[in-house]
Amino acid sequence: MSEKKTNRRDFLFTATYAVGAVGIGATIWPMIDQMNPDASVKALASTEVDVSTVDPGKTITVLWRGKPVFIRRRTLEEIAEAKAVKLEDLKHPEKDEDRAKNPEWLVMLGVCTHLGCVPLDQKGDYNGWFCPCHGSHYDISGRIRKGPAPTNMEVPKYEFVSANTIKIG
Amino acid sequence: MSDHEYTPKSKVGKWFNDRLPLLTLANHLTDYPTPKNLNYWWTFGGILTFCLITQIVTGLVLAMHYIAHADMAFDSVEHIMRDVNYGWLIRYIHANGASMFFLAVYIHIFRSLFYGSYKSPREIIWIIGIIIYLLMMAAAFMGYVLPWGQMSFWGATVITNLFSAIPLVGEGIVTWLWGGYSVDNPTLTRFFTLHYLIPFLILGLVVLHIWALHVPGNNNPVGIDIQKPSKDTVPFHPYIVIKDGFALLMFMIVFAFFVFYTPNILGHADNYIEADPLVTPAHIVPEWYLLPFYAILRSVPDKLLGVVAMLSAILILAALPWLDTSKIRSAVFRPLYRQFYWILVIDVLILGYVGAMPAEGLYLLIARVATAYYFLHFLVILPVLGFKEKTLPIPLSITEPVLGGSPNFATARNKESFTNK
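These protein sequences, in sequence, are chains R and B. Counting from 1, one number per residue, gives the positions in the first sequence under the working numbering. Counting from 1001, one number per residue, gives the positions in the second sequence under the working numbering.
If we strip away everything but chain B, and leave its shape as in the complex, we get (with noise of 0.2 Å):
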């Protein structure tokens, strides 16, 4: 944080400041000192914030045409895109935005592993993170029920079966989940409301997620702690706004191409059948952001293990801060971290592969082993990689390995060869 004292130019600021800092506030965000090696690694931040902001205006917009009752909620959908102006247009942004919004989630997060941007001091900033991941994986499950179609239904019914596997109390919870003795109309409007409610939750831990990465200041490639302000940051306004806002454009284009383009290819088209309570359609998987945990869920033989494993795998980044030992943080000066890291990937994109596949012979197989390995990574090699792994020698600064004079050539080439790609 920069601790530098400001006062507003303006008599009126002045006063006004003097009572309410929010000029303060915004001088802190345009001055905000940010180191000057980031890489594009780094809008998503910015991207995501933009994905919410997306998602709350267009679902509002939705709100106003959408009926939430379980005999009217599948035709008011197909009102929205045949009848209201733009509605078509507006819902596609909405159902797509979805997926976007993931898709620069996974983003940020494997930057954030990486980069080891976990590691202390930016534990609490980690830990909200997920608990925002959480809340998004919740959002979009309850958006996905509203449409009311056959996948809509047969994935509440799934999802909210998975507390049937609590001992005991599971089957009560279920029943108070549902309102009923089935996944129904109360069912829907309670999602609906919790689905209108967690969007804002998200924005007021954005919130902090912000605060709470403004305290220490933004990681950055090299993963050394940095003065702030000095020759290694530079000022967010104009610097930083302007690389985000290009990256911005660059990911608006790959937006507007799901849109404009392909709409539906990220949805199944069963959801355009509507809610049947007496047939499951043949085929039903999740939307392709929840596959790797889907498949994890699957892989185990056992109902409660399964539930288990899939929210032992989610909740296993909170304590991700304390399972990687190593004080280095960029995977720039972890050789063999930097390998596991790639495999990681690999594994998370194999387990979304089969989640999408049926659970059965080789499928099953392959989703067991790269369950097992994920697992593994993060109990057991992060823990021990810390203690084993013979690190490069990091920079006393970004500008050293940058304006040469560096004893430490590979250092600086390493780093360029990555951040180059």
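With the rest of the complex left out, here is chain R (with noise of 0.2 Å):
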């Protein structure tokens, strides 16, 4: 083989194939992006809840984009509980102040952060949820304590608009 020098030719295989792969790259992107959320799904993303019929030491749970959100009022004793733990213990460390900007509301996605199934209310070794799935415990605060479960139950984005009505979203 002897030495290859660059000439035309090759400067038209790498422009040919360079906009080649753009435009199969631009083709191939609308068919993956429209199994995205679309429109619609996202048009749903807040709701409102009255939430003044919830005794204290009850919790509701309410639809937000298809998923469970756990709204608890949180007795005394369960916020002292719930701030009496120390962040050492904790698997994934976050105060119950940053979880409960009004402690006696606890507001959560119902969701397990392991593999995504509801936990049950007031079951497991923390007095808080358990996850029948795969055995993950969380405490009052929504904290994970104990099983295979990554991270807390997550907060979503809400607010009191009124006394007794939380925007979720």
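Treat the hints loosely; a few may be bogus.
Just some of the chain R residues that point at chain B, by a computed CB distance under 8 Å [as the list claims (entries may be wrong)]:
#, residue
1, Met35
2, Pro37
3, Asp38
4, Leu63
5, Gly66
6, Leu115
7, Cys117
8, Pro132
9, Pro148
10, Pro150
For each label pair, taking beta carbons as the anchor points, the in silico distance ranges come out as [stated by the list, open to error]:
#, chain 1, residue 1, chain 2, residue 2, range
11, R, Leu44, B, Val1241, 55 to 65 Å
12, R, Thr47, B, Ala1256, 45 to 55 Å
13, R, Val51, B, Asp1075, 29 to 39 Å
Since the hints were derived computationally from the structure, they do not count as laboratory data. Where is the CB? At the ideal position from N, CA and C, for every residue including glycine.
Build the complex from these two chains, which are given one at a time in their own frames, with help from the hints.
So, in structure tokens, the structure goes:
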């Protein structure tokens, strides 16, 4: 084989491959992106909940973006228990104050961070939630304490639009 | 492959065959020289072809009545069961057919493991087989989602969430798979599409699987290379066709037993409750054929590593031709491998059992030991065994040990004691 010098033909090949690759990419992308959430799914991104009927020590579950959201009105003992936990004991350290801006109300996605099952209320070793699928235990702040889940249950963006109404999303 | 020239007898046949050699192909398939000592474990290839055709035909019919919509899917399945003529029969064949398909594929795979059918020169056949097996699992999983019962919904949630273990892009991938923020109607419609597509992909791969098989020809219980055609072979038709046909009949009896007498025993009662995104069933388990891998997933306490372990447990099979360093194919001549083979079989059965049990206490411990042993078998025992094991002498041909005059009586006896089981 003789030494190869770059010539006009090599340039044309490279340019053709480059344009071809961009063209194929631009064609494939709509085929992939069509599977992402569509406009109608995104349009349901927020929901308002009336919590006036929730008694202390009770949890209600509402559907937001197809997922359950737990809204728990915590008792004073529960709040004290959640605040007393040392951060060193947590797999995913988060202060209770950061999770529940208003300590009486804990609002979080009722979705186990392991593989997405709905944990059971007031079950498990930490008086919080217990996921029946693969045995993750959460405390009364929804923080992971034991089991395969890697993180605490997620707190969605929410706000009190009035004294008794929470807007999620 | 038989290389002899074939000329159709009729003038029209010759005219056609010169233009498209389909008759040459048909002749190749009927005359295909097959080892004459193939036992009944070799009939599962034909049985699997039957299973695939059964699933495609019944699935096609079900798709005429099923409605892929989150609000209507559950009712449309009940409509099939109650209103559609013979709908119950077709659906029960399809649902139990999936289980029968996996039953046959596991026997097929373990036959290959026993007789070393994955070894050179049959690695490509084996790898195509593993891809078919992966696609079967994908098809079975998506099919199970379609009735939109509780198990459908939560099975879909848990399995798709496996992808969320991938660092950085995991959550994005899960949202993309769902087409939303949870398993919902967009998920159902795309699963239906893919469930319809995959069997045809499998069909194409089956053609490649058989094509790749016909290049070196079948392995056989003795595991030696044989001359083809020779005194060691018989033509595929009628010898193997009859044998496969008889085995298929026996298999269909088992199949029919499930369909007509216990059509729901392999399913879960929870799937007759319509999907509810607010309540997870207390005890969710996958279908029986996925349980060993589910046990491996749960035996690892870390989310990402659990997923990695589960996928590795399947993909490690693709590397098997290179992990098994022994030149001898058949376990008949490998006294140590034969024992480790049966330990592996028991290990996988144990994994399947603990996969169905809650992941706690003793069950979790057993699952961990069995998972460790599973990887030990493939990554340590097989590579080392190839160098350490003292194998028995192999016969020179299939005919030799049977017709006597063999210098290796032990060989002949071992072979018979196995094949007569």
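Which numbered hints fail:
none
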